[in-house]
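**Q** As they're listed, the protein sequences go chains A and B. The first sequence maps to residues 7 to 572 in the numbering used here. The second sequence maps to residues 2 to 505 in the numbering used here.
It is worth saying that the hints were derived from the structure and are not from the lab. Worth double-checking, as some hints may not be accurate.
Across the chosen pairs, the derived CB separations fall in these ranges [as the list claims (entries may be wrong)]:
1. D176/A <-> S163/B: 30 to 40 angstroms
2. S180/A <-> D217/B: 24 to 34 angstroms
3. Q273/B <-> P123/A: 54 to 64 angstroms
4. R182/A <-> R328/B: 42 to 52 angstroms
5. A255/B <-> T274/A: 43 to 53 angstroms
6. A255/B <-> P123/A: 44 to 54 angstroms
Even glycine gets a Cβ: it sits at the ideal position worked out from N, Cα and C.
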Amino acid sequence: MTLRAQLGLLALGFALAACGAAAEDAGAAGADEEPSNFRDGGAGEGPQEPGARAEACAFDDDCADGYVCFGGQCIFQGTDALPPPDGADAGPREEEVDFVQYGRPAAGRAQVFVASPQTDSVVRIHAETLAIGVIEVGDEPTELYAVPGEDTVVVLNHTSDELAIVTAEDTGDSVRLIALPYHFNALTLDPAGRFAFCWFDLSRALPGEDGSAVQDVAVVDLAGGAVSPVAVGFRPRRVGFTADGRIALVVTEDGVSVIDPAALDGPTAARTVPVAPDVFRQADREVILSPDGAFAASRGPGEPGVTLVELAEGVPRFVPLGAVPTDLDLLPDGRTALAVLRSIGQLALVPMDTAAADPETIRFVDLAGRQVGAAVADAAGEVAVLYTTVAGAPPRLTLLDLTTEALVDLPLRKGVRGVALDPSGGVAFVLHDKAEGDPAAAPTEADLIARSDGYSLVDLRTGFVKLQTTPAEPFGLVFAPDRPLAMVLLADPARRVASVQRIDLAAFDVRDRPLGSTPEAAGLLPAVERAFVTQTHPEGRISFIPLDGEGRVETVSGYTLNGRIE
Amino acid sequence: MRPAPILAWVLTLAVTSACDRSATFERPLDPSAGYALAHHAAWLLRGQHALATLQPATMVQSRLALPAEPVQAFVSPAGDGLLIIDDGPGAQWVRFEANRVELGPRFALTGTYGEAWFAPEGDRVVLSLGAGGALSAPIANPNQIALLDLDRGTHVERTLRSFGDRPRAIVVGPRASVAGAERQLVWALADRYMAVFDLLAPEAREVVVHLTLATDTRTVQPRQVVVGEVDGAYTAFVRADAADDIFALSFPEASPADEVPKPYLNQLPGGQRPSDEVAVALAEGTRVFAVEPSLPGLSIIDPVTGARLAVSAELPVQHILAFEAPRPDDEAAIGHFALLWRTGSAGVVFADLDRIEERRGRALTPLVLGGAIAALDPLPGRRMALARTSNQQLTVLDFDARTATPLDLSADLLDVLIDPTGARIYLRLADAAVISLDADTLTATSTEVLVGYESRLLLVPEAGRLVLSEPGDTIDVAVLPVTDLDEATPIVRHGLLLEGVLDR
Chain A
7 MTLRAQLGLL
17 ALGFALAACG
27 AAAEDAGAAG
37 ADEEPSNFRD
47 GGAGEGPQEP
57 GARAEACAFD
67 DDCADGYVCF
77 GGQCIFQGTD
87 ALPPPDGADA
97 GPREEEVDFV
107 QYGRPAAGRA
117 QVFVASPQTD
127 SVVRIHAETL
137 AIGVIEVGDE
147 PTELYAVPGE
157 DTVVVLNHTS
167 DELAIVTAED
177 TGDSVRLIAL
187 PYHFNALTLD
197 PAGRFAFCWF
207 DLSRALPGED
217 GSAVQDVAVV
227 DLAGGAVSPV
237 AVGFRPRRVG
247 FTADGRIALV
257 VTEDGVSVID
267 PAALDGPTAA
277 RTVPVAPDVF
287 RQADREVILS
297 PDGAFAASRG
307 PGEPGVTLVE
317 LAEGVPRFVP
327 LGAVPTDLDL
337 LPDGRTALAV
347 LRSIGQLALV
357 PMDTAAADPE
367 TIRFVDLAGR
377 QVGAAVADAA
387 GEVAVLYTTV
397 AGAPPRLTLL
407 DLTTEALVDL
417 PLRKGVRGVA
427 LDPSGGVAFV
437 LHDKAEGDPA
447 AAPTEADLIA
457 RSDGYSLVDL
467 RTGFVKLQTT
477 PAEPFGLVFA
487 PDRPLAMVLL
497 ADPARRVASV
507 QRIDLAAFDV
517 RDRPLGSTPE
527 AAGLLPAVER
537 AFVTQTHPEG
547 RISFIPLDGE
557 GRVETVSGYT
567 LNGRIE
Chain B
2 MRPAPILAWV
12 LTLAVTSACD
22 RSATFERPLD
32 PSAGYALAHH
42 AAWLLRGQHA
52 LATLQPATMV
62 QSRLALPAEP
72 VQAFVSPAGD
82 GLLIIDDGPG
92 AQWVRFEANR
102 VELGPRFALT
112 GTYGEAWFAP
122 EGDRVVLSLG
132 AGGALSAPIA
142 NPNQIALLDL
152 DRGTHVERTL
162 RSFGDRPRAI
172 VVGPRASVAG
182 AERQLVWALA
192 DRYMAVFDLL
202 APEAREVVVH
212 LTLATDTRTV
222 QPRQVVVGEV
232 DGAYTAFVRA
242 DAADDIFALS
252 FPEASPADEV
262 PKPYLNQLPG
272 GQRPSDEVAV
282 ALAEGTRVFA
292 VEPSLPGLSI
302 IDPVTGARLA
312 VSAELPVQHI
322 LAFEAPRPDD
332 EAAIGHFALL
342 WRTGSAGVVF
352 ADLDRIEERR
362 GRALTPLVLG
372 GAIAALDPLP
382 GRRMALARTS
392 NQQLTVLDFD
402 ARTATPLDLS
412 ADLLDVLIDP
422 TGARIYLRLA
432 DAAVISLDAD
442 TLTATSTEVL
452 VGYESRLLLV
462 PEAGRLVLSE
472 PGDTIDVAVL
482 PVTDLDEATP
492 IVRHGLLLEG
502 VLDR
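Pulled out of the complex, with its shape left as it was, chain B reads as follows (with noise of 0.2 angstroms):
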């Protein structure tokens, strides 16, 4: 039987972290490295005004003149997009689709910003200043945020209200009915406070919430957003460092479309500093599953009722990752279960968030690698995840089987690439070995492309490609297949950025 897709349920439930941007999107650090768009790797020009981009799977290139200098880029989410930042300054939206690349409107912006922070669905960013923000300007405001509608054209700049700290990350939650209208609410967090604006009413005022008393000193720093539904009631948990409990924020009062309506707040007992949280609407209603590293266990919370049953895992966990499956006593029932691990150790432990509370630590069930965790990627689509467990080992993680399957590599890993729907998994070692691993049958195909120590694997997931990009004064790029890596000569381009110069 064929696994159900996970990931379409933990995103719609509830998570919105800081942390969720796909790895396959991820931005390079260096933008000469180069993205990697659904069709396509695009490499912003600095110095030239431009974007250079290849098709993979026609090899076809081709450069784009930007009306302003480009200082960051940020892929959407759905790899159909580019959003430029420069120094007009401003924000150059591009759109990609298979065989066409064209400049979609521009956004001329007053403030400085270095962060963008899609919606889920893509349509809707918001930028602020963030860590990454390149001081183009002798002074920037880092409270001030511009929020683009990328479908219409339209921004706003404004500057949110301050409490003596900035926006630390920006979370943008799923679009949803939310106090008697849709809504699509943003939290900005900040240490001791969060500032919670609409995408949908991007002129309405943000409504703070102050997170600790005026007179407490400690930095309650929220990290992680996740939404659930409370009584019917939209809900935000908010885990925090240097707090024990969860601020759980709900919206049950309805509230005019144009304003930014006020939650209640209440406080969920987290355990002792819990690590993550996710939320699951269980049969019994939504419950919070927040990880306790002190004892080291899980947290079940009801926040209706502010109950908190605690569990102990017995192996040191931080993360959870929930999942659906189907359910090993009716397999025609699906199930919520979830995996919780810590990085730097061995061990990960499945949970059956169903039947926990119930059965408590009898619905956990222990499983040790065979090396400490250094990260692990689940592999969308599917009931299974990647962990690193070595520089040379990975090892992966059946959620239905409950196994955990060890890959000795030949090198150093370098690189790893996750297939959008899971069902690949592509690696780069240190040794130069270019590696395609299907994740259902772990069975995997390699070749060998000699570039350079830092050069990037990109995956071009619609045009079936892998690009190794060389950074550079000119970029010289390796294309290869996603499959048969052992039957594929690797198609060569050097000097990308100088396609065209003669011409020009």
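Next up, chain A with everything else stripped away, as it sits in the complex (with noise of 0.2 angstroms):
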């Protein structure tokens, strides 16, 4: 996952989830490109029904393109559309930068959840007075997530394969056990915390672990109860939801999956939209979806476009772009994707709506010989922020005005490795590469800035980059949703580098605040005005940090072991 990917994990107020998901990149396609997230942004033409079932046929002409006509249904077969793979055309490859952290904690109003498998609990820290409460939830649990707002968590118990929904209040803790008909190892909320996805993710099964519902999905409906077993294509990657919430998409290697959870009444068959116009180039690809749930879009490796496909009709059109895209992300209207030429030295701007079927609404930019391979576009969709990952590349940033496709480049001081916007869109957080060697024996001044963790904070009004380089690897990253605020984390256990970093995103001010031991994630309390950062340790330990940047940091260990004192 990249480091824009990260970011949408992180941010609160991020109001499309993938959680617990890692979300499916093109990795094969020889250049690589962060997935996107689902964006909140321009609604765009009304939903349409993107959970309608297929329809039922006699002859092939009754089914759309690339669908026959078989034993009375439509069948998806694919067209010839799709070009064979381009390998010579992707080009080296970016890296990416992994973020993915599994067992995050949940942060609910006041308080910090954190799943405790060995003892079989949950531990709740508040945030302010540090009171911890243990409760019993069921065997193993793993995934916990916040309903939001609201000091409710949900908790897959990994190994009784129950969901047990655990509300923290005055008057006392309360747990509700559902019962879950599979084995499952990941756990999504959508939006509004009324409905739980429980599915299981194969990139993190454990040796021998229970594999068998590698296609199903249980859809908990967390008020009344009910479970609705859904198969779903191959192997989900993620689970988003359209923006009003009401759709679930599940994006598997068949296609994305289409739920609507309020309409279930028992077990079903979802129905799962192929995403490439090949039947068997289902897999490996990098899809982004608009809020909402109308199209899909993705790329695949060597693929000299992107397919486009309108989820409701269910036929995906390859629209070709004279060249492999290294990325295709969302622009905040929620219809255009953006997808980067490389090799061409171009953007495409593609209407996901009209791309298939009018190539001429395609808008190309020229990047004028600039060697850029991804993009960020940043929340107001007036500046896209342009970079490449590849090694050796000239450090720097270009800004794109996509208004008037003004291009302003912006030096570097070291190669980047990710770029992340904080959700005003007006500073870029840009994750640096490092060279081979210590820092602290460099013999010249560039070697000491080239063997240097770092990043660079870029307010993207005026230009200014401040390079700030780090003991060690930054990663954590989060944005205060309602602040110029972030924290990032540096951890090197080796060299006993363990802190977390406050970013004041206004005047750049940057100050470490140290910790007890490795770090591990973070998270905000906006409401008691804290941050948090779980460490590394036998028995568990969360720090909590003013937002402030005044006061003092405060530190609970061992908070596991609370669950044996009986």
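Since each chain sits alone in its own frame, please combine them into the complex, following the hints.
**A** Here you go:
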């Protein structure tokens, strides 16, 4: 997962979730790109009905393009529109930053919830009082997510195959257990916290683990407790939702499986929409989905263009772009896919609703010879930040005014590994690469910079760039949703580096707060003005940091042992 | 200016360790060697169901019949009583006043016990099998304990829940307001866990605190419990072998008085394998000071934030002794200080605990003695300590002056006793010399008393006498005053155990 994808996972207030899933990527595409999460933004046309079933048929002509009539049903067989993979056009692969953090704690309103599989419990730690509560939930709880804005968490019990709904209140804690029909290892909540989606992520399967439910999703109505098993495409990669949270879209290696959780009434098979014209090339694709669930766009390995599909129609259509995209992103308008065509030095802005029928609506932006392999657009959709992660490329960002197509280059001091924008879109966090060698033994100033880990903060309005070298590789970036503030973690056990950096995104002021042990994950509790950082510790450790930068860091360790007080 | 007492501060603030029994009243391995009480010396008369006593100020001897054969005895912290475990089985409380010895309540017990752990107030006792348990019964339950109320004469026997081990040591904490009620928490230390119970609610079910996860095979053995206050809540800081962290167990939430409250557990970073700890209430809040031999140095831990500051001592350290004293920079203010040392090393370090977070290493004052420290004992009520730096040398440490004064001895040291007030130190040497040393002036008087090598020197402080007790079939004693030994003539009694035999 790339830095940008990680940002999507971490930033609070990010409305569309890809929780608990490793976003798929086009790793075999030759040129990598960040997988996009669904985004807020312009709704575009009103939502169609992505969950509609395919038509029955008597003849092939009764079916849409790419489908054949078989046994009275339209079965997707693909078209020959997709050219064979063009490996020669891919160019050098761009490295990706993997920030996936499993076993993350869940941030409630004022409490942090941490699964303690060793004690079959969930530990809650109050950020203000540091009071610890231990709640027995079932065998080996692993995944947990908080219902937005509440001190309620949903917990997947890995061994007992249950879902535990835990509510922590002043009057006491309550636990409701719901049996699941299969063994799962991944959990996703819909944005409103009404439904839980339990599924099996094959990439996280343990040796010997029951993987029989690799094409199943259990949808749990958290209020009523009803469980609906839904068969989906092969190997779900992530579960996302439309902007209104009404429809779940499960990205699989067979395409996108569409689930309307409110309409479920017992076991069912989800309609799965192919995302590539070739029935045998549905896997290993980067897929982006419009927030209204109307369209999907994807890129596949070596394919010199993108494939668009209107989910209600279910017919994937390849749109040639003249080169293999190295990145595919969605602009905030919710309708335009941004494809970076590094090998020809262009960007393509692809309207998902019209590009297949009318390629003239595709807008190509010439980058004037710049080497750009990836892009990220700001929240307003006005500026795209362009960069490349290819080693040896000139270290720089290029800002593109998406309206005027004006380009501005910002030189950087180090190569780029990834870029994330703060929620306001005004500041870019640029994660840098690092040259081999110990910076302490660097013979020259240039080597010192090159050998150091670090990141740059870039003011996208003024172009001011500040390099921040760090004693270890930064990770776990968290942006505050309501103020110019970010937190990033530093960890290098060999060099005894363990700290959290508070980044003032207005003043570009960075303050380091040492931690007792290696940090693992960070989160925010805006309701109580604190951030939290969980750390490596045999019995669990968490530190709370005031968001205002003042005050003391408070640490609680051994909280899992609180479950062993009897 | 006379030094302010330090012992009261140390005890009330925090320290209740498994090793804190006063050396003055340490029980002998051989019961026939005698027990020193405040006004008396006493001997168990095995096979005779009796206790022999001597009031050395008046040389009045007495013999007290016991209801059962005595096995072991334990002196109360104030030296005003003797708890005798017998083969009844049971325990007999014997009260000692200045001129009177009488039987107190007897506790009929079912279990086998070999250790007694007094409350600091001396009114309650916990009995456990311990390491010294004499197996008079064919089977013993090492997790069975007895809680005795010596004033009321009541007791409760019960078995602590066990998770594979037994109480290795028991620490009785101070009587305090805990979780909204007055309690006296007791900590039974076992491998990997502790059982917590309340002496004031002896029938309440104990709370067991595990120090490792169920799958953790480390032998984390709790060794030391010190008590402090964190954000107004009673908090015990537990140091354990094979653990880098200090386990902080706090009781912030109110709980019924007839229940043992459940603590919150927080692990504080104690450095690498801390070897000793104290908790001190400083102006900025309670701090735990943990000695880290591998640094070597001191970890200063804020139990609220969990932050740890490590300060290198630059001399080997293993133990810490906290004390209060007038601040050198402001004589009107009382400051918090500590002495750090390591057994086997010649160096000691004085630490200014009030300033160490600000001044780091500059708050430490090292001092190298003339020899390696074999043992170090604080002088109660004084900012002084006595270090044994060889078999024939003692060093008196003055905390105020930061001086170390060596004292050479004419022969090997056999016994060292320190007066409960800290005013005097008593020594017995292998060449028969008995010495009384004034701690303030370091002037000494001595005499020679020819007794057997295995004799034991007892201090009977309220009587102002030293008693040399020579164990054997009959017990011979020699009684000396505590001062002016060079002018004193020992009063010798032979055959103490034979006293009154003909009458019987």
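**Q** Look at each hint and say if it fits the structure.
**A** Outcome of the hint check:
At about 36 angstroms, the CB distance of D176/A to S163/B agrees with the hint of 30 to 40 angstroms. At about 30 angstroms, the CB distance of S180/A to D217/B agrees with the hint of 24 to 34 angstroms. Q273/B and P123/A have their C-beta atoms about 28 angstroms apart, which leaves the hinted 54 to 64 angstroms range violated. Checked against the given bound of 42 to 52 angstroms, the beta carbons of R182/A and R328/B, roughly 59 angstroms apart, lie outside it.
Restraint check, A255/B to T274/A: a C-beta distance of roughly 52 angstroms satisfies the suggested window 43 to 53 angstroms. Restraint check, A255/B to P123/A: a C-beta distance of roughly 32 angstroms breaks the suggested window 44 to 54 angstroms.
The structure fails to meet hints 3, 4 and 6 from the earlier list, while all remaining hints are met.
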